[in-house]
Amino acid sequence: MATFIDGNTSSKSRSLHNINTALNPNIKFAAVDYYKFQLLYNKVYNKLTTAMKYYSENNYEELLKVFNDNEIPTLMTTITNDGLYNNDNINNLINIEYDIKLFNKYRTATLDLLTGLQGSIQIQEKNKLLTQDISGLKIYEQALNTKNQDFILTYMNNNLNYVQTPTDIINAFELDIEIQPWYMEYLKQWGPPANGVFDLDKLSAIVTTLIDTNQITLDQFLNNNL
Amino acid sequence: METEILNILYNGSTTSQQVTNMYLLDDNFVFECTPLDITNNYDICLNFLKYLESPGFIDVSAVATLDISASMINNLFIFQDNNTEEFVYGINTTINNPLKFIFSNAKITKKYLNNEILNISLLDDYIESIVETITGTITHYPERILKNVNSLKTYITSLDTIFNNKINEVFQLYYDPSLNDVPRTLNINKTTLNTMEVQCKNLITGVLNINKGQNSRMTRFLEDISGQTPPFSFIFNPGDKLAIRITYNPTYIISNYRNYTASRSYKIILNVLN
Numbered sequence: 000m001a002t003f004i005d006g007n008t009s010s011k012s013r014s015l016h017n018i019n020t021a022l023n024p025n026i027k028f029a030a031v032d033y034y035k036f037q038l039l040y041n042k043v044y045n046k047l048t049t050a051m052k053y054y055s056e057n058n059y060e061e062l063l064k065v066f067n068d069n070e071i072p073t074l075m076t077t078i079t080n081d082g083l084y085n086n087d088n089i090n091n092l093i094n095i096e097y098d099i100k101l102f103n104k105y106r107t108a109t110l111d112l113l114t115g116l117q118g119s120i121q122i123q124e125k126n127k128l129l130t131q132d133i134s135g136l137k138i139y140e141q142a143l144n145t146k147n148q149d150f151i152l153t154y155m156n157n158n159l160n161y162v163q164t165p166t167d168i169i170n171a172f173e174l175d176i177e178i179q180p181w182y183m184e185y186l187k188q189w190g191p192p193a194n195g196v197f198d199l200d201k202l203s204a205i206v207t208t209l210i211d212t213n214q215i216t217l218d219q220f221l222n223n224n225l
Numbered sequence: 000m001e002t003e004i005l006n007i008l009y010n011g012s013t014t015s016q017q018v019t020n021m022y023l024l025d026d027n028f029v030f031e032c033t034p035l036d037i038t039n040n041y042d043i044c045l046n047f048l049k050y051l052e053s054p055g056f057i058d059v060s061a062v063a064t065l066d067i068s069a070s071m072i073n074n075l076f077i078f079q080d081n082n083t084e085e086f087v088y089g090i091n092t093t094i095n096n097p098l099k100f101i102f103s104n105a106k107i108t109k110k111y112l113n114n115e116i117l118n119i120s121l122l123d124d125y126i127e128s129i130v131e132t133i134t135g136t137i138t139h140y141p142e143r144i145l146k147n148v149n150s151l152k153t154y155i156t157s158l159d160t161i162f163n164n165k166i167n168e169v170f171q172l173y174y175d176p177s178l179n180d181v182p183r184t185l186n187i188n189k190t191t192l193n194t195m196e197v198q199c200k201n202l203i204t205g206v207l208n209i210n211k212g213q214n215s216r217m218t219r220f221l222e223d224i225s226g227q228t229p230p231f232s233f234i235f236n237p238g239d240k241l242a243i244r245i246t247y248n249p250t251y252i253i254s255n256y257r258n259y260t261a262s263r264s265y266k267i268i269l270n271v272l273n
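Going down the list, the sequences are from chains A and B.
Each residue of the first sequence is one higher than the one before, counting from 0 in numbering that gives the first Met the number 0.
Each residue of the second sequence is one higher than the one before, counting from 0 in numbering that gives the first Met the number 0.
Just to be clear, a hint being listed does not mean it is correct.
Derived DSS-like pairs: lysine-lysine, alpha-carbon spacing no greater than 27 Å straight-line [as the list claims (entries may be wrong)]:
hint : chain 1 : residue 1 : chain 2 : residue 2
1    : A       : K100      : A       : K125
2    : A       : K187      : B       : K106
3    : A       : K201      : B       : K152
4    : A       : K52       : A       : K125
5    : A       : K27       : A       : K125
6    : A       : K187      : B       : K211
7    : A       : K35       : A       : K46
Derived from the structure by calculation, the hints contain no laboratory data.
Using the sequences and the accompanying hints, generate a full structural model.
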């Protein structure tokens with residue numbers, strides 16, 4: 000049997016069955032919907048407002064206790080579980096207590112939601128600024144990791160009133176290196192010789208192959224090794 | 000030909016860091032351009048040793064010498080007395096007379112496995128170092144392993160200009176603009192010295208303390224300024240040596256193989272001939 004409850008100790012219960020639903024059949028549907036909202040509040044909103052409160056206060060330690068990987072699926076299931084809101088008790092308004100403060104609770108929860116959204120916007124703005132900062136820092140990180148000394152020296156000159164002395168001049172550049180084909184093949188097959196001396200057996204086999212496959216001529220090899 | 004890994008000294012100046020950054024060799028000084036000092040092998044007065052405590056350049060890959068004319072660097076280090084009879088020091092700009100050192104022509108003495116000692120150019124030494132970096136092979140004939148030695152030499156030679164530009168930028172940054180005044184003067188009211196002005200002070204202080212023998216470096220220094228009107232230019236004499244450190248930081252790109260990063264530094268001793 001459905002009863003009213005207003006949260007006060009003096010609250011009284013009365014039967015909804017006394018309402019003449021025949022005069023306004025929508026009243027029963029409204030009552031059913033009310034209890035669905037009540038159930039939704041008690042099962043979900045109550046926890047969300049608590050989470051939102053912690054979020055607004057940047058109290059992430061407590062937030063994670065009520066809003067974590069374990070709780071989120073439970074909440075989602077509770078929200079989407081039609082059976083929970085369409086059971087016989089609700090549909091027949093049996094064993095249900097009316098909470099007179101439910102509207103105020105929703106209103107308070109909505110305010111908490113707004114506060115949380117405001118906090119979210121502020122965090123988003125901070126994130127934007129941090130993203131900009133990180134983009135700027137990445138330039139320096141890249142310069143340091145790639146040893147871009149020209150960049151580093153320019154920065155030091157412009158910002159730290161530092162200049163390299165003419166006695167310590169650094170220059171960075173790239174060089175395209177071309178290796179004689181027989182040594183190139185040696186490096187590919189065997190890697191650099193451990194002691195800096197190429198193994199002649201391996202080298203001669205490579206030269207023979209290169210000549211046999213017309214990739215080099217004997218003269219070409221001899222002219223570069225005499 | 001395989002060689003020992005030896006980068007031979009320049010008359011006692013080694014690839015290792017010098018204890019001090021100014022020292023005497025064959026009665027001539029080597030000034031490693033920042034705070035001055037000398038080696039322990041020479042008789043230098045104590046206050047000099049106390050005053051100049053900075054070490055020389057950090058370790059380098061090789062020491063190279065480049066003969067230059069004194070006129071190229073004579074007008075760089077300037078000084079004059081101020082109203083309190085103390086010296087003030089200044090650096091001149093090179094904008095009207097840019098320094099143009101041909102670093103790639105600097106000479107390096109190398110000893111090979113067969114004990115043969117060769118004087119090779121910095122350029123040749125650098126090309127040999129490329130081979131050593133890639134294959135570990137120390138050879139006097141890098142063209143046997145590298146196909147594009149000539150183009151590499153052309154590029155390395157072109158870097159001389161970049162090094163010179165950087166050097167000239169430093170002098171432009173630190174010069175005393177009062178030298179443009181009429182009459183020419185240093186800013187005698189300056190209370191602090193910039194990095195290069197400190198080097199100027201150390202150079203002159205160092206020379207004033209090389210007072211050994213009748214024709215000491217100090218004596219010649221005083222003679223040099225006796226014919227000048229303030230502000231005075233430091234005049235380099237034959238045998239004086241001004242050291243510069245340059246570093247190449249290349250990435251070697253070998254198509255279809257891999258890349259190498261390498262760094263090779265040289266202490267360039269600018270040897271004043273005349």
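We went through each hint and held it up to the structure:
Straight-line distance between C-alpha atoms of K100/A and K125/A comes to about 37 Å, which puts the hinted pair past the 27 Å bound. Simply put, K187/A and K106/B have alpha-carbon atoms about 35 Å apart, too far for the 27 Å limit, and the pair is violated. Note on K201/A and K152/B: the hinted pairing is violated, with a Cα-Cα distance of about 30 Å set against a maximum of 27 Å. A hinted pair counts as satisfied when its Cα atoms are at most 27 Å apart, and K52/A with K125/A qualifies at roughly 20 Å.
The straight-line distance between the Cα atoms of K27/A and K125/A is roughly 49 Å, outside the 27 Å bound, and the hint therefore fails. Only pairs whose Cα atoms come within 27 Å are accepted, and K187/A paired with K211/B is rejected, the gap being roughly 61 Å. Between K35/A and K46/A the CA atoms are separated by roughly 16 Å; this keeps the pair inside 27 Å, and the hint holds.
Violated hints for the displayed structure, listed by number in ascending order: 1, 2, 3, 5 and 6.
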